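Following the hints, put chains Y and H in place on chain C, whose structure we already have.
Heads up: the protein sequence lines correspond to chains C, Y and H, in order. Going by the working numbering, the first residue of the first sequence is number 4, and it counts up by one from there. Going by the working numbering, the first residue of the second sequence is number -14, and it counts up by one from there. Going by the working numbering, the first residue of the third sequence is number 2, and it counts up by one from there.
Hint data in this document are derived by calculation from the structure and do not stem from the laboratory. Among the clues, some could well be false.
What the hints assert, rightly or not - In silico DSBU-like pairs for lysine-lysine, Cα to Cα no more than 35 Å straight-line:
#1 H:Lys25 x C:Lys216
#2 H:Lys48 x Y:Lys318
#3 H:Lys79 x C:Lys132
#4 Y:Lys226 x C:Lys132
#5 Y:Lys219 x C:Lys293
#6 H:Lys93 x Y:Lys403
#7 Y:Lys320 x H:Lys93
#8 Y:Lys31 x H:Lys93
#9 Y:Lys77 x C:Lys82
#10 C:Lys78 x Y:Lys18
#11 Y:Lys77 x H:Lys79
#12 Y:Lys261 x Y:Lys21
#13 Y:Lys468 x Y:Lys21
#14 H:Lys79 x Y:Lys219
#15 H:Lys48 x Y:Lys377
#16 C:Lys384 x C:Lys117
#17 H:Lys7 x C:Lys222
#18 Y:Lys219 x C:Lys290
#19 Y:Lys318 x Y:Lys18
#20 C:Lys293 x Y:Lys226
#21 Y:Lys33 x H:Lys79
#22 H:Lys7 x H:Lys48
#23 Y:Lys403 x H:Lys25
#24 C:Lys82 x C:Lys293
#25 H:Lys48 x C:Lys78
#26 H:Lys7 x C:Lys78
#27 H:Lys7 x H:Lys93
#28 H:Lys7 x Y:Lys77
#29 C:Lys82 x Y:Lys21
#30 C:Lys132 x Y:Lys68
#31 C:Lys290 x C:Lys115
#32 C:Lys132 x H:Lys48
#33 C:Lys132 x Y:Lys466
#34 Y:Lys403 x C:Lys82
#35 C:Lys78 x Y:Lys377
#36 C:Lys78 x Y:Lys261
#37 Y:Lys226 x C:Lys290
#38 Y:Lys68 x H:Lys93
Everything numeric in this text was worked out from a predicted model, so none of it was measured.
Residues per chain, in single letters:
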Amino acid sequence: MNWETVIGLEVHAELSAASKIFCGCATTFGGEPNTRVCPVCAGMPGTLPKLNRAVAEYAVRVGLALNCEITRHCKFDRKNYFYPDLPKAYQVSQLYAPICREGRLTVVADGKEKSIGIREIHMEEDAGKLVHDCSGNRTFMDFNRCGVPLLEIVTHPDFQSGAEVIAYLEKLRETLLYLGVCDCKMQEGSLRVDVNLSVRRTGGEMGVRTEMKNLNSFKAIGRAIDYETKRQIEILGKGGRVYQETRRWDDENGVSYGMRSKENAQDYRYFPEPDLLPIEIDDQWLKMIKGSLPELAHEKRERYINDYKISEKEAFIITTHKNISGLFETVSELSGNPLESAHLVTGEIMRLLNQTDTLPEDLSLDGRKLAALVNLVSDGKINRNAYRETVEAVFTRDVIPEEYIAENGLMMINDDEAVIEAVKTALSENSGAVADYRAGKEKAFGFLMGQVMKRLGGSGNPDMARKALKDALK
Amino acid sequence: MFDLSATELSAAIKAKKISVAEAVESYMGRIEKTDKSLNAFITVSKEKALARAAEVQGRIDGGETLSPLAGVPIAIKDNISVKDIETTCASKTLEGYTPVFSATAVERLERAGAVIVGKLNMDEFAMGGSSETGVYGAVRNPWDNARVAGGSSGGSAAAVAGGEIPLALGSDTGGSIRQPCSFCGATGIKPTYGSVSRYGLIAYASSLDQIGPIGRGIGDCAALLSIISGTDEKDSTCVIKEPFDFGGGFPDNANGLKIGIPRNYFGDGVDESVKKSVLAAAEELEEAGATVGDFEMPLMDYMIPAYYIIACAEASSNLSRYDGLKYGYRSAKAKTLPEVYRLSRSEGFGIEVKRRIMLGSFVLSSGYYDAYYKKALQARYLIKEAYDGLFKRFDAILSPTAPTTAYKIGENVGDPMKMYMGDIYTVSVNLAGLPAVALPCGFDERGLPVGFQLVGNAFSDGILVKAARVYQNRTDFHARKPKTGGEAQ
Amino acid sequence: MLIDEKLIEYLENLSCLTLSDGEKERLTADLGEILNNMARLEELNAKGVPERSHPFDDVNAFREDEAVCSFDRALILKNAPEENGEAFVAPKTVE
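Only chain C is shown next, with the shape it has when bound in the complex:
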């Protein structure tokens, strides 16, 4: 009998708003403990929350991009529990009327298209950080993260494999990045994924699910899913029982272990947050947010292919990351040459990124400089070698292209006499090759061509040199 895995995801995305969800403290990552805290996010008595408008707008953006219904009248609720990282002893979240519901995201996994159902997206506040004193017996409470705005994006249990999960997460990350609402850095916790997983006999009744936390990379998620699937099948295969619990993934050792049992499920006593007014999203506001939606990756791909006649393959490479497509669009616009710009980005730039182990999110290149180079090469002012060399210099040392070309004598030699002179010298010094060519050995032409270019110091105009050489050999 076969087993089937059923997976649902809860993704917490930290929004890249400048300020916290309910107060004006900055959301910047890191910093000295308790230096980005005010009476509101510290939960001091008598303080009240005031909602950051950008948080609602970001949530709606994501909802629209994920084809959700937008809840026109949505509310916040309090989730009550005691824990030292939660200064008010309740988290302001959304239970009864989340801002977005019932969306879809289509992904391609194992060569097949699959539509994943989004159950809901809700807004909530992040909790603080607890640092445990290993030697002593104390915990230090840092509230810098308290009140950082989060979106929780919850799917239906629509996944059947790790590959589908990863495909979904990649697409979700791409979408969040393009929307400009989250920087999606898993290492810094700005994208956190909890995996709910159960197994069942194919077509049988749903099994008991576990929830996995502490998944810090896509790779870890894939490994954790494989591990948990095996673990549950093994238990059930032996006639055992899977317990509903939260499990923590230990990536180093490739195992997970159970945390607090969810069977003692907390009674969170959710109720409508009386300190905040409901949010009403009217047609006008919704239209405005729709209008402000940036172009998403798949829309960009279509435009590149249709309008710029860029190949599908190149369009795909360009849109793997917002920073790459951003660079492409700048270079393309400034140079007026989308095809050459696409070659540059998918060729040299991708090669340099790989070679230097640079992540696309850390890419910072001056598009103006690259656009200038694109123009120089397409106008025949520099040849391909000089072009590649200068691009690399711009990439690694941020040189000014025109200066670099001048200093290194890379400007193409378009002077007829210099070319004819170089051809003459090359022919007189390589009479053997000339004879070979004349005897019908076409290969010798390439050799002679190389000799001509060498004499031009690498910056000769190859078209011109080829023509002069052919003329001289007639």
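Just chains Y and H now, with coordinates in the frame of chain C:
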């Protein structure tokens, strides 16, 4: 000087007849003398007040145009945050807590030149109707020291009625301004929900709490309310646009004012003396030109349950933050984290607070939410709807504030349900977010004050203030004073 | 509504309180009486009636997304029963 109203005192200060320091010191003297018997103050901040007095005097002397309350000593209920002054909510839980910021209402008063002289006693976390539940002991009624001052703003009402202070801030969640006003013979306003910022008011029940003034007459209360009202970017629920402007003067007629009297508010369980005085107040306003009609108030049986369910639910959540980790009391016995939580809370809260937290946890807990909490929210909807209908017929609803006059200290402490039933006339006003004024209208056979309330439609606080002015222009109940010391009369 | 020991214990846990025996006895009686009174709500026909959690129907109170200066850390920690100059200090938290 003690005969001057707050606005008269401010005028005398501006006319250089009295200095701010003199005014503050004189009242400080009164507090020192009478508060041993009243126990209305938790904290008297003399040095800070004198420093503030000098500063305000400087502003006045410098020709700055200040508010009608400039230079007036004022005291603040101890659940309203004042920066650098201990703010305890009359609870061991907040012992030693000194806020690092001031409530918006306090900031506005200070900007207006009022001088804060101290913090006033109350029921612990404003949970109660007798000001007996606080850790600092019971507030005593200035008319009879053996009796309660009412609550939860008992300290505010007693201090004003006892002549310790011309004007005070209180808060009203289910009658906590109006009922002590009634018991002590003071005047108070429970403003429309959302007209005064709650920022800095230590929450009991967020959707019901509202800060308001308690004074000797409606003029002072109106002056104070116009200063503290108005939108505040820190409070999302403070939806009013402009501060109230009640205008000046005492109109001498109530022509055109349509008053409704809920017949069923005058049934069994209401003191005869209360009925008599309150109906006399209605006649007084009728004589002044108002029309008076009666009606049957619907949903009366559901008001107390709906109120206590909603208030306790919100309170159970609002008071969860007191855990012995960030501020206030931490149990010395606690070693582990769970002990810090449970022992600090158990030793820090009094029995009434625990009762309401437990009740609130219950009505929100899974399995009971729908039957209690959800049902209470639906009752709230119907109550608000009923009021909406009534205000199509009436401008103001006139009723007793409390069924009885002040009772003896200790008399009702052991009987929470009896205590809760005393709030029958006040709680629905908070559920619907409406404004009300509480005015003295007579005395019972023991010489204890009787009060009545006028309830208006949302944001019609101005209409109520005008009606109150007419009433107080024609009567002198608000101006009568207890004998100092408050021996039974 | 019958309040039994189990329910009181459950509510103690939810409320993070440890009651003395005397308090337990008292609150068992009180809560029973209060909830009996609250039970009057059962008679209210509220079918289809909306729930009102705010006095009014106002919506949309926002602040703009601008980061402002936070508070001085010393002030944030000022009232803490235990702190180390940087953070609030609690006995070790066990997960």
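Each hint, compared with the structure:
1. H:Lys25 x C:Lys216: violated, 39 Å
2. H:Lys48 x Y:Lys318: violated, 50 Å
3. H:Lys79 x C:Lys132: Given pair H:Lys79, C:Lys132 holds - Cα atoms ~19 Å apart, limit 35 Å.
4. Y:Lys226 x C:Lys132: violated, 39 Å
5. Y:Lys219 x C:Lys293: holds, 29 Å
6. H:Lys93 x Y:Lys403: Given pair H:Lys93, Y:Lys403 is violated - Cα atoms ~44 Å apart, limit 35 Å.
7. Y:Lys320 x H:Lys93: Measuring from Cα to Cα gives roughly 10 Å; hence the hint holds.
8. Y:Lys31 x H:Lys93: violated, 42 Å
9. Y:Lys77 x C:Lys82: Holds, at roughly 26 Å.
10. C:Lys78 x Y:Lys18: At roughly 52 Å apart (the allowed maximum being 35 Å), Y:Lys18 and C:Lys78 break the hint.
11. Y:Lys77 x H:Lys79: Given pair Y:Lys77, H:Lys79 holds - Cα atoms ~18 Å apart, limit 35 Å.
12. Y:Lys261 x Y:Lys21: With Cα atoms ~34 Å apart, Y:Lys261 and Y:Lys21 stay inside 35 Å; holds.
13. Y:Lys468 x Y:Lys21: Holds - the C-alpha atoms of Y:Lys21 and Y:Lys468 are around 15 Å apart, at most 35 Å.
14. H:Lys79 x Y:Lys219: Since the Cα atoms of H:Lys79 and Y:Lys219 sit roughly 22 Å apart, the hinted pair holds (cutoff 35 Å).
15. H:Lys48 x Y:Lys377: holds, 25 Å
16. C:Lys384 x C:Lys117: Distance ~49 Å between C:Lys384 and C:Lys117 Cα, so the pair is violated.
17. H:Lys7 x C:Lys222: At roughly 46 Å apart (the allowed maximum being 35 Å), C:Lys222 and H:Lys7 break the hint.
18. Y:Lys219 x C:Lys290: holds, 28 Å
19. Y:Lys318 x Y:Lys18: Violated, at roughly 39 Å.
20. C:Lys293 x Y:Lys226: The given pair, whose Cα atoms are some 30 Å apart, holds under the 35 Å limit.
21. Y:Lys33 x H:Lys79: holds, 20 Å
22. H:Lys7 x H:Lys48: It holds: about 32 Å lies between the C-alpha atoms, which stays within 35 Å.
23. Y:Lys403 x H:Lys25: Distance ~20 Å between Y:Lys403 and H:Lys25 Cα, so the pair holds.
24. C:Lys82 x C:Lys293: holds, 31 Å
25. H:Lys48 x C:Lys78: holds, 22 Å
26. H:Lys7 x C:Lys78: holds, 34 Å
27. H:Lys7 x H:Lys93: Given that 35 Å is the threshold and the Cα spacing comes to 29 Å, the pair holds.
28. H:Lys7 x Y:Lys77: holds, 28 Å
29. C:Lys82 x Y:Lys21: Answer violated: C:Lys82 to Y:Lys21 is near 44 Å, above 35 Å.
30. C:Lys132 x Y:Lys68: Roughly 28 Å between the alpha carbons, so the hint for C:Lys132 and Y:Lys68 holds.
31. C:Lys290 x C:Lys115: Roughly 34 Å between the alpha carbons, so the hint for C:Lys290 and C:Lys115 holds.
32. C:Lys132 x H:Lys48: violated, 45 Å
33. C:Lys132 x Y:Lys466: violated, 57 Å
34. Y:Lys403 x C:Lys82: holds, 33 Å
35. C:Lys78 x Y:Lys377: Measuring from Cα to Cα gives roughly 30 Å; hence the hint holds.
36. C:Lys78 x Y:Lys261: Roughly 47 Å between the alpha carbons, so the hint for C:Lys78 and Y:Lys261 is violated.
37. Y:Lys226 x C:Lys290: holds, 27 Å
38. Y:Lys68 x H:Lys93: holds, 32 Å
Of the numbered hints listed earlier, those contradicted by the structure are 1, 2, 4, 6, 8, 10, 16, 17, 19, 29, 32, 33 and 36.
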